[in-house]
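Trainee: Grab the two chains, each in its own frame, and use the hints to assemble them into the complex.
Protein chains in written order, with numbering that gives the first Met the number 0: chain A, 0 to 245; chain B, 0 to 588.
Heads up, none of these hints are tricks.
With a cut-off of at most 30 Å between alpha-carbon atoms, the simulated DSS-like pairs for lysine-lysine come out as follows: (1) A:K218 x A:K175; (2) A:K175 x B:K495; (3) B:K495 x B:K427; (4) B:K286 x B:K336; (5) B:K490 x B:K193; (6) B:K580 x B:K5; (7) B:K285 x B:K580; (8) A:K218 x B:K427; (9) B:K419 x A:K42; (10) B:K427 x A:K175; (11) B:K419 x A:K218; (12) B:K419 x A:K175; (13) A:K175 x A:K152; (14) B:K328 x B:K285; (15) A:K152 x B:K419; (16) A:K42 x A:K175; (17) A:K218 x B:K193; (18) B:K445 x B:K456; (19) A:K156 x B:K503; (20) B:K164 x B:K203; (21) A:K218 x B:K490; (22) A:K152 x B:K427; (23) B:K503 x A:K152; (24) A:K156 x B:K419; (25) A:K175 x B:K503; (26) B:K129 x B:K476; (27) A:K218 x B:K495; (28) A:K218 x B:K203; (29) B:K31 x B:K286; (30) B:K164 x B:K193; (31) B:K231 x B:K575; (32) B:K427 x A:K156; (33) B:K495 x B:K476; (34) B:K575 x B:K286; (35) B:K577 x B:K285; (36) B:K286 x B:K580; (37) B:K336 x B:K445; (38) B:K575 x B:K328; (39) B:K31 x B:K5.
The hints are simulated quantities; they were obtained by calculation from the structure and are not laboratory data.
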Amino acid sequence: MPPAVALVAGSTEAAAAAAHHPVKAATPAPAAAAASVPKPPEKPPYLFFNVAEVQFIEPACERLIPADESGAGALAAGVPNYLDKQLGGAWGAGERLYRSGPWIQGTASQGYQLPFTPAELFRTALRAIHSDLAQRGSAFNELSTDAQDDYLKSLEKDNHDLDGVPSAVFFDMLLKMSIEGFFSDPVYGGNRDMVAWRMIGFPGAYADYYEAIDRHGVKFEREPLSIGEDGHGNVHVHPEIPASVG
Amino acid sequence: MAQRLKEVDVVVIGVGMVGSILAKELAAAGYKVVGLERGSTRFTVPEFQSPGIHDELRFDVRKALMQDNTREPVTFRNNTSQTGLPVRRWESFLPGTGLGGSMVHWNGQTFRFQANDFELATRTRERYGKGFLDPDLTIQDWGVTYDELEPYYDRFEYLLGTSGKAGNLKGQIQQGGDPHESPRSRDYPTPPQKEHYSGALFRKAASSLGYHPFPQPSSNLSQPYTNPEGLKMNTCVFCGFCERYACEHYAKSTPQTFILPVLLANSNFELRTGCQVQRINLDSTKKRATGVTYIDNAGRELEQPASLVITSLFAINNIRMLLLSGIGKPYDPSTGKGVVGRNYAYQTMSTVASFFDEDVIINPFMASGASGTMINDYAGDNFDHSGLGFIGGAFIGAVNTNGRPIQYHPTPPGTPAWGKGWKEAVVKHYNHTVMFSLHGSSTSQKQNYADLDPTYKDAWGQPLLRITFDFPKNDLKMAEYVTARGVEIGKAMGAKQVVGSPRKGPYTTQIYQTTHNTGGTVMGNDPSTSVVNRYLQSWDVPNVFVIGASAYPQNASWNPTGTLGALTYWVADALKNKYLKNPGHLVST
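If we strip away everything but chain B, and leave its shape as in the complex, we get (with noise of 0.2 Å):
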């Protein structure tokens, strides 16, 4: 029997970016907010110091940062005539766990999603026709518009200090920026970071054929900075362990360094970490949530009454919590029916290699997580998609992060796998091979969808979440034609050889992608396409808000956090100056 705790106005599941946003918030607004954390609590000091903090087979191979697959892994199968079977070691992507989240190992690659994302369904039909689509596919309006959300992506941004360069400010094409990008209030809040000799060949290969490279935005500081809550963060100095890593340097851009250290310091707030919530209680009506169950490190069930519960897991967390709490209907792809697990997507990663001469020194360990130069004059749709037969597109950029040798060692096709040839071609290529990323947008098809596995079990009892996915067609083809362009990029570099890597299918588990799940509990204005409304507010049971890139109808040519950033701060002002004003439904239905 669990034992019942005194009730709070408001119980936040997961601490991480979302979680100690919103709960800073809230605290701050004078509401008493308990913040209950999987993971362990941990800091810039002394968790993450170096030397240790720089040591790839523990942190990149061994993946000490993330989730414990051991005891809470997911099923997988790529579609419904397969068995849904345990991914028994991370590989594909890594969701992080502990104090700060996923947000701690990140790479800082903070971008915003144009206007067209937030409208696709209704931007597409209107540009390119009813029947231009794939009928498979299940894209859709987010309920929200980027006028909307633009003074929350600039607050979160400011949060995190993001180095850059303006594109477009209030509608004036600003030199040196992305010109594509949808028009910003103000400048980033610190400038680029420095270009790497990757970047500086990209550039100019990328201008010579009339394309528009930018600096990367990057949360990886280009110089000292203070933020809104007055928390200070130092220049990153480039050590070429960000990604999957924490950062010693108080340079990268996490809770740990923009927002916990005054979230903890408020009395109103309340952190508990090793507490594994098993689900949100329902009352008798099931449209009202009294609370959580959870169990903590010792093995003791306890129950957190709460007025209001945020969900603020990473993607796939968010969506199984609904499922074991019964929250929202279950999507069924036979019948297309249901919202919960329904639009699962992804990102379409493909590559570019180009290899040159051992006179062309790159020295690739140079790097921060998000000191790279790029084009998004294929990304999303910035470009004239009639005859091509797909929607959506990639960044395509030399966002070369890191050396790091075990996983960073690049040859060309051809090379065996091991022997006199491989380590030849290693020594021959390591310190002379620019890397591209193709960074494409993933659509939602009925085919893709996540539920309850019925059979493999996490370590307290309850069953694990199961992703059924695979590649829709119309991002297999909108791979090939990047990379096509990312070739002729490497071409124009100079490179003596260059090979372009489009992602192909089957999907796999069993290799890096990225870590950019999206959709499962997405938002919109109409219930029967979605769990939430465009508060992140739950549909059914209105006092659970649930907020996370699962809120995302499809995912994007970008990496999701800049968004979610821009929608945490966007709940926020709805939570304080409505919801908690006058709870209740905020949109009704």
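Extracted from the complex, chain A is given alone in its bound form (with noise of 0.2 Å):
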């Protein structure tokens, strides 16, 4: 399926460009096969984040996952498009979430024990964290590469206090979510043109390597496929999904 491969080198030139300019490069380059194949999303709308969260969410989703000689990084993936989706739907909304008190802090062992939904609880730390660096007079998209890492370095090990998300516990969702939207499959809008599967050698949603699995030490070496490809090998990523259940 040559066409994917085209889109590929777009996106991997649109992660590189991302690397030095977080928030503006997110505008990927032109595909190159772009004449026989619809061209993916090129920045879908942020329906869940509002501006001053984007500010924080496309960097620091970056600096999580950044863009480097083996390829895309976070942003050029549709990461943040990704927690976009996810925390705008039912999953934000508490969906697999125990939701009855009384709330009490126990042990690591007992796990999360707080009334937020992961969309409450985006939302708090983001305000809190918004506030936090006004107060220190920059926003953390004009930070440098290494002073983001910092921030998120502290937030991560420091544990303050941001309105009652303690940042560990932000930081850990921040991380597992974004991972999530790198890794997943397209359809939910992360892994564009799946970068991330081609990347490590993951082939996707292939139901059958019966031939493959005792030829020992070959590399497998097709095209990776979503389970939201059409036959044209056009990925067709889903509205407005989160992953339901049931």
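Mentor: Below, the structure is given as structure tokens:
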């Protein structure tokens, strides 16, 4: 499927640019094979995050999973878009989260015991981060990448209070969801063009390795496959789905 | 006021593996059976079909097939000094829901326990002496022996079509099988699955160290098979979406493939889904069950009278059903008295990661849920424990089941959790790492148990189950010892870096380990230390049978499903040939 390869090349360029200018560089480079293949959404609108939040989320995701020689980072892969869909949908509203009190903070072995839904947790934490950075005099996207890393490390390790959300809890959720978005099927809006799968050599949703499994040590060279792929090799990103249960 | 329905012979609570097998046996014998399933009806077609079924986010991460924890979680604490708090998202273990139960999302790893396991207390005392065990341990014999169960293991394996290689046929050791297994009456119904590269590397290394590698017995079938019920199954194609998923290929043995079509065709059986059983009802003597009360999907309360009640739920839900129904005396850890909830145990899982150079291409995504290669040389009591200070062991195997990248992207210790260093390590190691599973036994001890939570409720207003559990010292010592053996095998494979991760305490609900919860309604010959007798019949209410891994007095070194299948047929025979002909206590008290 040559068109898909061409699309990857386009995304990689975008990723390389994104490394230097995290926010502005989100516009993908023109895809070489655009004549035969519909372009993926260049920058889907944010439905959950507001402008101030995007100024943190986009560069933060890119620092967690940066573009490098191996390929695209979180931004070119659409991870912020994945987060936006998840937080704006059922997952953000607390799908699969038992939400009855009393709310008692327990041990690490007992896990998450806060009343916030993921959407509430992000909103609360992002607002507190925004105020904190405003007091320091610059927005997250204006910091150098080293300063961004230092700030993320302070969220991760120092565990300060973000209006009731321990910063380590927020950081952990941000990192987990970024990895999900990077590696999940592209129908969910991240892993655009299956860049993350190509990077590691995961073939995706194939159903059959019967003939290949005992050819030991031989690399599997086929293009990866998405569950949202049509007969022409185009992956259709679902407009608004969260990963629903049931 | 509950609407009272027409009485039936048998009501089965939970139509998973146990429920569907027993319902089939009893309906075929002419009894009127109603199966109550809280989840929904679902079949290979259309529910389990590709491409949607190969969705890691939905099934692995969001756990679409699992018990609805927003309505029915458990609470947990490591010890009685803590407050039990709800497990607000499943992580450590994943009970299923819906027709076919947890078996729909299992891996198909189909083991027998060994003769020693069923008489663990007696044999440990005989071999190592009375003072060998930590006095906190409450291990005990099962009240049934391997020899008694062997025909039922055989029947279960032939129902599933399990793919494997015998290691001990009627006492004769067989080349290529597991020489440590207890004697089996005949070989597996189908030959082993193909071996993946991880397995081949493991096999060579384990052999070089003098161990006895063999193919993991798998109920993801190596070839087409027609079972004794006349149902046809297909060859597994190693798609790598097995555990936490349903099989689209009719290749993983689940109730949908091996029994349900036969059961559902029998007019003596009625399936009702969306039925949340609230309790088993007792008469005024509290010694006889009159049926069950349940609430349907529309919120209506119904009473289903029955002469015989079978609770065939996932282990922890069996415990809760008895506690909610007032059947059996709840266990009290401060006195050691009482039985329901006692001897809750688990599985002690450790891992070894072997990192290779980039010229060794593993393809971890080509796998079935049970296509590993393994050894039993350090499982159970297959090695001398004198001087080791623990009992039990683990199977060690390259039992890699998938390469799904959200959850599987191994990196060596010292790798940063994010950023450039993390990404580089993920890319470098994804396709060049072999993971071993060290599947350790779990002893029961005084402090570990389950009871009803005093605070938190389910969506129907009933108390949640509260689990109080931490790893016994015995099991942590075992994990250290077997993990060191696993590391030696990893080094013998020629890996560049080998990292052993023995399981450490405290037990956490936040990291997936295994869905092998056991105990709490244990079987035995002494009513003061067991909930059910050797036929899994309640000592207190003899027309209630409690069938699940909740019956295990402690857990062994292997996956529990094979043994539960054997117990299911063992009980089916006892019901048909003894109990139903003459209802009453099958074992006198």
